[in-house]
Amino acid sequence: MNPVRKRRLILVGLVLAAVGIATGLTVLALQQNMTYLYSPSEVAAGHAPTGARFRLGGVVLEHSIQRASDSLKVDFIVTDRFKQMQVEYTGILPDLFREGQSIVATGSLHGDRFIATEVLAKHDETYMPPEVRDAIEKAKHVEAGGGAPATPGTDTAH
Amino acid sequence: MNILTLWFHKLGSPPTFYRLAGLLLPWCYGIGLLLGLVALYSGLVLAPRDYQQGDAYRIIFVHVPAAWMSLFAYAFMAANAFIALVWHIKLSEILAMASAPVGAAFTFIALVTGALWGKPMWGTWWTWDARLTSELVLLFLYLGVIGLNAAIEDRRQAARAAGFLALIGVVNLPIVHFSVTWWNTLHQGSTIRLMGPSKIDAAMAWPLLLMALATHIWFFGSVLMRARIALLQLEGGKDWVRKVALDEGAAGG
Numbered sequence: 001m002n003p004v005r006k007r008r009l010i011l012v013g014l015v016l017a018a019v020g021i022a023t024g025l026t027v028l029a030l031q032q033n034m035t036y037l038y039s040p041s042e043v044a045a046g047h048a049p050t051g052a053r054f055r056l057g058g059v060v061l062e063h064s065i066q067r068a069s070d071s072l073k074v075d076f077i078v079t080d081r082f083k084q085m086q087v088e089y090t091g092i093l094p095d096l097f098r099e100g101q102s103i104v105a106t107g108s109l110h111g112d113r114f115i116a117t118e119v120l121a122k123h124d125e126t127y128m129p130p131e132v133r134d135a136i137e138k139a140k141h142v143e144a145g146g147g148a149p150a151t152p153g154t155d156t157a158h
Numbered sequence: 001m002n003i004l005t006l007w008f009h010k011l012g013s014p015p016t017f018y019r020l021a022g023l024l025l026p027w028c029y030g031i032g033l034l035l036g037l038v039a040l041y042s043g044l045v046l047a048p049r050d051y052q053q054g055d056a057y058r059i060i061f062v063h064v065p066a067a068w069m070s071l072f073a074y075a076f077m078a079a080n081a082f083i084a085l086v087w088h089i090k091l092s093e094i095l096a097m098a099s100a101p102v103g104a105a106f107t108f109i110a111l112v113t114g115a116l117w118g119k120p121m122w123g124t125w126w127t128w129d130a131r132l133t134s135e136l137v138l139l140f141l142y143l144g145v146i147g148l149n150a151a152i153e154d155r156r157q158a159a160r161a162a163g164f165l166a167l168i169g170v171v172n173l174p175i176v177h178f179s180v181t182w183w184n185t186l187h188q189g190s191t192i193r194l195m196g197p198s199k200i201d202a203a204m205a206w207p208l209l210l211m212a213l214a215t216h217i218w219f220f221g222s223v224l225m226r227a228r229i230a231l232l233q234l235e236g237g238k239d240w241v242r243k244v245a246l247d248e249g250a251a252g253g
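Quick note, the sequences are listed as chains S and B, same order. The opening position of the first sequence corresponds to residue 1 in our numbering, with each subsequent residue numbered one higher. The opening position of the second sequence corresponds to residue 1 in our numbering, with each subsequent residue numbered one higher.
Watch out, some of these pointers could steer you wrong.
[What the hints assert, rightly or not] From the structure, some residues in chain B lie toward chain S, with a derived Cβ separation under 7 Å:
id, residue
1, Ser42
2, Leu46
3, Val86
4, Pro120
5, Met121
6, Trp125
7, Val171
8, Leu173
9, Leu186
10, Gln188
11, Arg193
12, Pro197
13, Asp239
[Said to hold, decoys possible] Not close to chain B: a few residues of chain S, all C-beta gaps over 12 Å, as computed:
id, residue
14, Arg5
15, Ala18
16, Gly20
17, Arg67
18, Gln101
19, Gly107
20, His110
21, Gly111
22, Pro130
The set of hints was computed from the structure by calculation and includes no laboratory data. The beta-carbon is built from N, C-alpha and C at its ideal position, and this holds for glycine as well.
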């Protein structure tokens, strides 16, 4: 390689390395701020900002949804299978909202209740036909000796 | 000089590339279109419904290949920009600048289809989570490269300046890819995985992979087409261009 090209190669390499390191450090520094959501365990451990709005992520606990009869108010419990959090929301919920569904709620803590202003459904990365799903459910059922079927989308709390 | 470097030098010469690209081009477009149509039919009609999303999941057959292409096209552009910066090879400058608009189009498609899916499934068109934001930054990088390339008068200087921007933007690629594992995002993790089992049924996976293949082939067709035109513009007035113009003019009547 002739000297001119070698110099250019080194120069480009150095610039790339510098940009890479700068970005790496920025990403590390943002690790806290860029967290899109907190799980109920993290909230319980005091990692979530108090008095400020943040996002709560988790699974809607089975048999915990209570709808008010005269308004759009909904009460439900969000869990990461370790800790639970009571959530209150008034408004229209997305199609995928159901028991056992991963959701992301935006709002703030009022005492030990989480008052949500927005509820989004988080979809997991699993795609399969309904027949396969039924077969898996059946197999799980047999394995668990006829116990309650496991719920999908429980992967929110990494 | 060994045979491989000789072959490489020949391929890098504009007349040879122009001729070879002209031969490859109809195949790229033909096979890409054919595979794309087969993949679209098998994805939208043959593949079974999803257990949770019903038919709405079928946007995956457009969204995921487009998102992969947005990353692949950027990597291809940056690799060519790197060669152009270090070795000042004319063809690499042209290939890098030719892939920018194609990659930008794929990024745009990925963002739009994602928003269309997000509204019914998540309940929102857009949210500032790490995956969505970094993909938007990727679109802006593409637009920056295209804009910088267009802003400078001298074609070769323009390509190298824009190529430098493209090369710096490479740091965004791992951020886009790993954003869903590094941070808690609303966007789900990768469904198709190179390491470990994929999280999609085989009946749904093959149309998706077929579509990914089709978009790659189409991408190369599109880049070759743009590169040929850019070569003619850059080399205009040279003997081989004059010859091409006379030959094709005579053939076209």
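These are the hints, each one checked on the structure:
Look at Ser42 (chain B): its Cβ only gets to about 14 Å from chain S, farther than 7 Å, so that hint breaks. Taking 7 Å as the C-beta contact cut-off toward chain S, the hint placing Leu46 (chain B) at the interface is violated, the least distance being around 12 Å. With its C-beta approaching chain S no nearer than about 5 Å, Val86 (chain B) sits inside the 7 Å limit, and its interface hint holds. Annotation: Pro120 (chain B) was flagged as interfacial toward chain S, and the flag holds, the nearest CB pair being 6 Å apart, inside 7 Å.
Proximity of Met121 (chain B) to chain S holds as hinted, the smallest CB-CB distance being about 5 Å (cut-off 7 Å). The criterion of a C-beta within 7 Å of any C-beta in chain S is not met by Trp125 (chain B), whose closest approach is roughly 11 Å, and the hint is violated. Hint on Val171 (chain B) holds. Least Cβ distance to chain S is approximately 4 Å, under the 7 Å limit. Because the beta carbon of Leu173 (chain B) sits about 11 Å from the nearest beta carbon in chain S, more than 7 Å, this interface hint is broken.
At about 6 Å, the closest approach between the beta carbon of Leu186 (chain B) and any beta carbon in chain S falls short of 7 Å, and the interface hint on this residue holds. The criterion of a C-beta within 7 Å of any C-beta in chain S is met by Gln188 (chain B), whose closest approach is roughly 4 Å, and the hint holds. Hint on Arg193 (chain B) is violated. Least Cβ distance to chain S is approximately 9 Å, over the 7 Å limit. Taken as an interface hint, Pro197 (chain B) does not check out: its beta carbon lies about 11 Å from the nearest beta carbon of chain S, beyond 7 Å.
Interface restraint check for Asp239 (chain B): the shortest CB-CB distance to chain S comes to about 28 Å, outside 7 Å, so the restraint is violated. For Arg5 (chain S), the shortest C-beta to C-beta distance to chain B comes to about 6 Å, within the 12 Å cut-off, and the non-interface label is violated. Consistency note on Ala18 (chain S): stated as away from chain B, yet its beta-carbon is not over 12 Å from all of that chain's, at 10 Å minimum. Against chain B, the non-interface label of Gly20 (chain S) is violated: not every CB pair exceeds 12 Å, the least being about 6 Å.
Distance to chain B confirms Arg67 (chain S) as a non-interface residue, since its nearest Cβ pair spans about 17 Å, more than 12 Å. For Gln101 (chain S), the shortest C-beta to C-beta distance to chain B comes to about 9 Å, within the 12 Å cut-off, and the non-interface label is violated. For Gly107 (chain S), the non-interface assignment is confirmed: its Cβ lies about 14 Å from the closest Cβ of chain B, beyond the 12 Å cut-off. Interface exclusion of His110 (chain S) from chain B stands, the closest Cβ pair being 22 Å apart, more than 12 Å.
Residue-level check passed: Gly111 (chain S) sits 24 Å from the nearest beta carbon of chain B, beyond 12 Å. The claim that Pro130 (chain S) lies off the interface is violated: its Cβ sits roughly 4 Å from the closest Cβ of chain B, which falls inside the 12 Å cut-off.
Hint compliance for this structure: hints 1, 2, 6, 8, 11, 12, 13, 14, 15, 16, 18 and 22 are broken, all remaining hints hold.
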